[in-house]
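As a plain string of letters, each chain reads:
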Amino acid sequence: MKTIICAALGATLSMTAAWAQEDFPSKPVTIIVPYGTGGSTDTTARAIAIELEKIWEQPIVIQNQPGAGSMIGTTAMTQADPDGHTLLINTAAISTAPAIQGDLQYDPEEDVTPISLLVTSPYVLVGGANVQSTDFSGFLQEAQERPMFLGTAGPGSSSHFMSELLISAADLPADVIHFSGGGEAQTNLMGGHSDTYISTTASVMPYVNDGRVKALAVLAPERFALLPDIQSSGEAGISGVEIDGWVALFGPGGMDPALAEQINADFAKAMATDSMQEMLERNYAVAGDLSPSEFRTIYLRDMQTWQDLAEARGIGQ
Amino acid sequence: MDLLANLALGLDAALTPTNLFYCFAGVFLGTFVGVIPGIGPLAAISMLFPITFYLDPTAALIMLAGIYYGTTYGGSTASILLNIPGATSSAVTCLDGYPMAQQGRAGVALFMTTIASFVGGSIGIVVLSLFSPIIAEYALSFGPAEYFALMALGLVAASTITNASPAKGLSMVILGMLIATVGTDSQSGTARFTFGSMSVLDGFGISAMAMGLFGIGEILSSVGAKRSNKIDRESTRFRKMVPTRDDIRRSWIPGLRGSAIGSFFGALPGTGPSIASFMAYAVEKRASDTPERFGTGAIEGVVAPETANNAADQTAFIPTLTLGIPGSATMALMLGALMVHGIQPGPTLIVEQPSLFWGLVMSFWIGNLILLVLNLPLIGLWVRMLLVPYHYLYPAIVVFVCIGAYSVRANPADVIMVLGFGVLGYALRLGNLPAAPLLLGFVLGPLIETQFRRSMVLARGDFTAILERPMAGSVLALTAVLLIWTLVSAILRRRRRLAEATDA
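These protein sequences, in sequence, are chains Z and D.
Be aware that the first sequence starts at 1, since it is given in UniProt numbering, and climbs by one per residue.
Be aware that the second sequence starts at 1, since it is given in UniProt numbering, and climbs by one per residue.
No wet-lab data here; the hints were simulated from the structure.
Be aware that one or more of the hints could be misleading.
The following label-pair restraints were derived from C-beta to C-beta distances [unchecked claim]:
#1 D:Pro412 <-> Z:Glu311: 33 to 41 Å
#2 D:Asp56 <-> Z:Glu53: 15 to 23 Å
#3 Z:Asp171 <-> D:Thr348: 34 to 42 Å
#4 D:Gly196 <-> Z:Gln304: 50 to 58 Å
#5 D:Tyr54 <-> Z:Pro28: 13 to 21 Å
#6 D:Thr181 <-> Z:Glu311: 53 to 61 Å
#7 Z:Ser275 <-> D:Gly104: 23 to 31 Å
#8 Z:Asp81 <-> D:Val399: 25 to 33 Å
#9 D:Arg496 <-> Z:Asp103: 53 to 61 Å
#10 D:Tyr138 <-> Z:Glu235: 32 to 40 Å
#11 D:Ser141 <-> Z:Gly254: 47 to 55 Å
Derived, one-sided and incomplete: chain Z residues facing chain D with beta-carbon distance under 7 Å [to be verified]:
#12 Ala68
#13 Ala236
#14 Ile238
From chain D, some residues computed to sit far from chain Z (all C-beta separations above 10 Å) [stated by the list, open to error]:
#15 Asp2
#16 Phe28
#17 Leu140
#18 Ser141
#19 Asp202
#20 Lys240
#21 Arg245
#22 Leu323
#23 Ala329
#24 Met334
#25 Val457
For each residue, glycine too, the CB sits at the ideal point set by N, CA and C.
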């Protein structure tokens, strides 16, 4: 209901306020990246910024504000003016953090304007040296016979939530083990210390292609077009794990919907450039094509899913 | 033959004028950044990272890597001259480097660290070029139980690195471990001792801690002290920098051991130059016939950690390049520089991008040579820095330390933490308590806790499972032997002293 009202409100406002946005951007735009320099979110943001500078003809400043599972940078963004000159590029961590962090210093519904889904791909379940099966159906059986260890990139990370989601959807007798970041989670897979890891295509496919870990499933109802050889969770009869990983653009709460539309369109143009398409292809990911209000629905839905899961499985308590 | 061809290919790539230029720029900047206390390699590389989008990946990586190992060369300078570590991995060098400087042997100490850095770096490069794939494979067999055992051994071995009484040293280690518990719990995600503040959710920063404890602590304690600059200009002459035959005789075995220790810890993801330098120092002190000289200006205490941290710098590239797994935040940046260009480091990198891999390896040689040539003449210049009155020097250092602390995470709270740790460092000095064991506890504590809890999860709560793993079990047994030996020898020494006292 809320989204319909928002969308309606957005439509009305966009008609009245459209003229006001012609001068955007009127000064350099800051994009906050709530992770360190050189990480995957940072490099994606910097690559987009290079394209966007050509479209906007204004300098774009990438500001890295890492810490607290992306919440330091995200909080800083929510405190800026919603005039479009301060934006945030974050991953799905922005939707998982409210479920696990009790000390959140902003309202995730009111203080954030979801603008664009930039990059999206399904989550992939990969198995390590100790996993015998080569597909998802086999894995489900093996995991029933031998209780497994599902490695994560840390408590509260999306790999953690997806692992918990898989445990509850497939009713696995498994334990979750937390590592410090995806790199460590994957070395422990390769060394046979833990059994699985769930992350986006961009972070697991390099190791799958190396043959060091094996892709067991894409967590989606159907097979993923860019990875047609990997079984989908839907095929194996498991549902309730169909959540996609993403990198997305946000603004401070209360942003003029017309402005959000305009920024959404400009980013879509940047994502359509050859260099960005090449980057997407390398990462087995696709560009999102949602309007701000459609993306808001996904953002709120995912956040609710994680909130419910955290309560049901006692995460962070 | 293959190797020679590869090395030739690497030289070919590294010696192009462009790459040579970026190599020089990197190591020059690295030395500079290393000498300035506060600003570390992570901050410097982060700032320069964006230009890698516009550079050829080999050139970009050569430059970033140059900054990285160049910092370790420069890092010891401030440790020796001012008792303030230029980089976290040089903190141990303060213990013997600074006493040497006070004895007018600053030039010798700097000369030896430069040579030690070159030797350590060179041995690290040899290990990197000959054994990368094997080591990477071996490192994978290290699971949580093995890391736990190794870190426990390290803690026991290194807890006596200072000359303070064992009780004082041990309590500082424990204080360090306690301070490290602040932040998010590694397994449950619960916030511990954060009092609702997001700034400490990731714990205290290692560089904020090292700079505060050693740097600000040193500055605070020297404010009241009347220090006439008694550095005689004589000691800045080149003749005074040449080490004696005795210095060299004492140094070469610690240098080799330091290189071995450094190569080992560098190649393990998750450990690195800082732990390597602590361990190398601890091993030398234990292996020495005259452990009481350590802490009073022993040349071994300078050479061992400096070879170790430079060797570790080079071997840290093994997991990064051959597995595509960064062992530290700095290595993650190097990885990022490759990924930007669509190059995925991994086992196939050496085969698919031979000119990049071998070009990088050969650039390390060239970079280390440049550093050697660059640093030796600079020693005289650095020593002269001691002639700068402290009322000019110290405010400048405080500014750099604050900038450095802020630049790591762009978090103003880190500057306040530097201040807090500075006050703590000062308080420790007043109480005559050693700061190095505190830093050691802070570095190893979280690793021990996290790896222990992971190994408990993997063993489903069975304590004996750790002992059943061959490597973890033997290392823990060694730890127990070392612990018992330390206790027994302490008791025996005490008895002997008591006996001597009654005899007399």
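Right, here's what the structure says about each hint:
Against the hinted window of 33 to 41 Å, the Cβ-Cβ separation of Pro412 (chain D) and Glu311 (chain Z) comes to about 35 Å, which satisfies the hint. Checked against the hint of 15 to 23 Å, the C-beta distance between Asp56 (chain D) and Glu53 (chain Z) comes to roughly 22 Å, which is consistent with it. For Asp171 (chain Z) paired with Thr348 (chain D), a C-beta distance near 38 Å keeps the hint of 34 to 42 Å intact. A C-beta distance of roughly 25 Å is found between Gly196 (chain D) and Gln304 (chain Z), which places it outside the suggested range of 50 to 58 Å.
Distance hint check: the CB atoms of Tyr54 (chain D) and Pro28 (chain Z) are about 19 Å apart, consistent with the given range 13 to 21 Å. Evaluation of the 53 to 61 Å hint for Thr181 (chain D) and Glu311 (chain Z) yields a failure: the beta carbon distance comes to about 27 Å. A hinted range of 23 to 31 Å is violated for the C-beta pair Ser275 (chain Z) and Gly104 (chain D), which are about 59 Å apart. Evaluation of the 25 to 33 Å hint for Asp81 (chain Z) and Val399 (chain D) yields a pass: the beta carbon distance comes to about 31 Å.
A beta carbon spacing of about 56 Å between Arg496 (chain D) and Asp103 (chain Z) agrees with the range 53 to 61 Å that was offered as a hint. In this structure the supplied range 32 to 40 Å holds for Tyr138 (chain D) paired with Glu235 (chain Z), their Cβ-Cβ distance being about 38 Å. Against the hinted window of 47 to 55 Å, the Cβ-Cβ separation of Ser141 (chain D) and Gly254 (chain Z) comes to about 54 Å, which satisfies the hint. At its closest, the beta carbon of Ala68 (chain Z) sits 4 Å from a beta carbon of chain D; the interface hint therefore holds under the 7 Å criterion.
Against a cut-off of 7 Å between C-beta atoms, the interface hint on Ala236 (chain Z) is violated, since the closest Cβ of chain D lies about 27 Å away. Proximity of Ile238 (chain Z) to chain D is violated relative to the hint, the smallest CB-CB distance being about 24 Å (cut-off 7 Å). With 10 Å as the threshold on Cβ separation, the claim that Asp2 (chain D) sits away from chain Z holds: the shortest Cβ distance comes to roughly 22 Å. Here Phe28 (chain D) stays apart from chain Z, with its beta-carbon at least about 21 Å from theirs, past the 10 Å limit.
Against the 10 Å criterion, Leu140 (chain D) falls within the reach of chain Z, whose nearest CB is about 4 Å from its own CB. For Ser141 (chain D), the requirement that its beta carbon stay farther than 10 Å from each beta carbon of chain Z is not met, with the minimum near 6 Å. In this structure Asp202 (chain D) is not separated from chain Z by more than 10 Å, as the shortest Cβ-Cβ distance comes to only about 5 Å. In this structure Lys240 (chain D) is separated from chain Z by more than 10 Å, as the shortest Cβ-Cβ distance comes to about 42 Å.
With a least CB separation of 46 Å from chain Z, Arg245 (chain D) remains clear of the 10 Å interface cut-off, as annotated. A cut-off of 10 Å between C-beta atoms contradicts the statement that Leu323 (chain D) is not in contact with chain Z; the least separation is 7 Å. Look at Ala329 (chain D): its CB is around 6 Å from the nearest CB on chain Z, not clear of 10 Å, so calling it non-interface is violated. The non-interface label for Met334 (chain D) is inconsistent with chain Z: the shortest C-beta to C-beta separation is roughly 8 Å, within 10 Å.
Distance check for Val457 (chain D) against chain Z: the nearest CB is about 5 Å away, which does not clear 10 Å, and the non-interface claim fails.
Checked against the numbered hints given earlier, the structure breaks hints 4, 6, 7, 13, 14, 17, 18, 19, 22, 23, 24 and 25 and satisfies all the rest.
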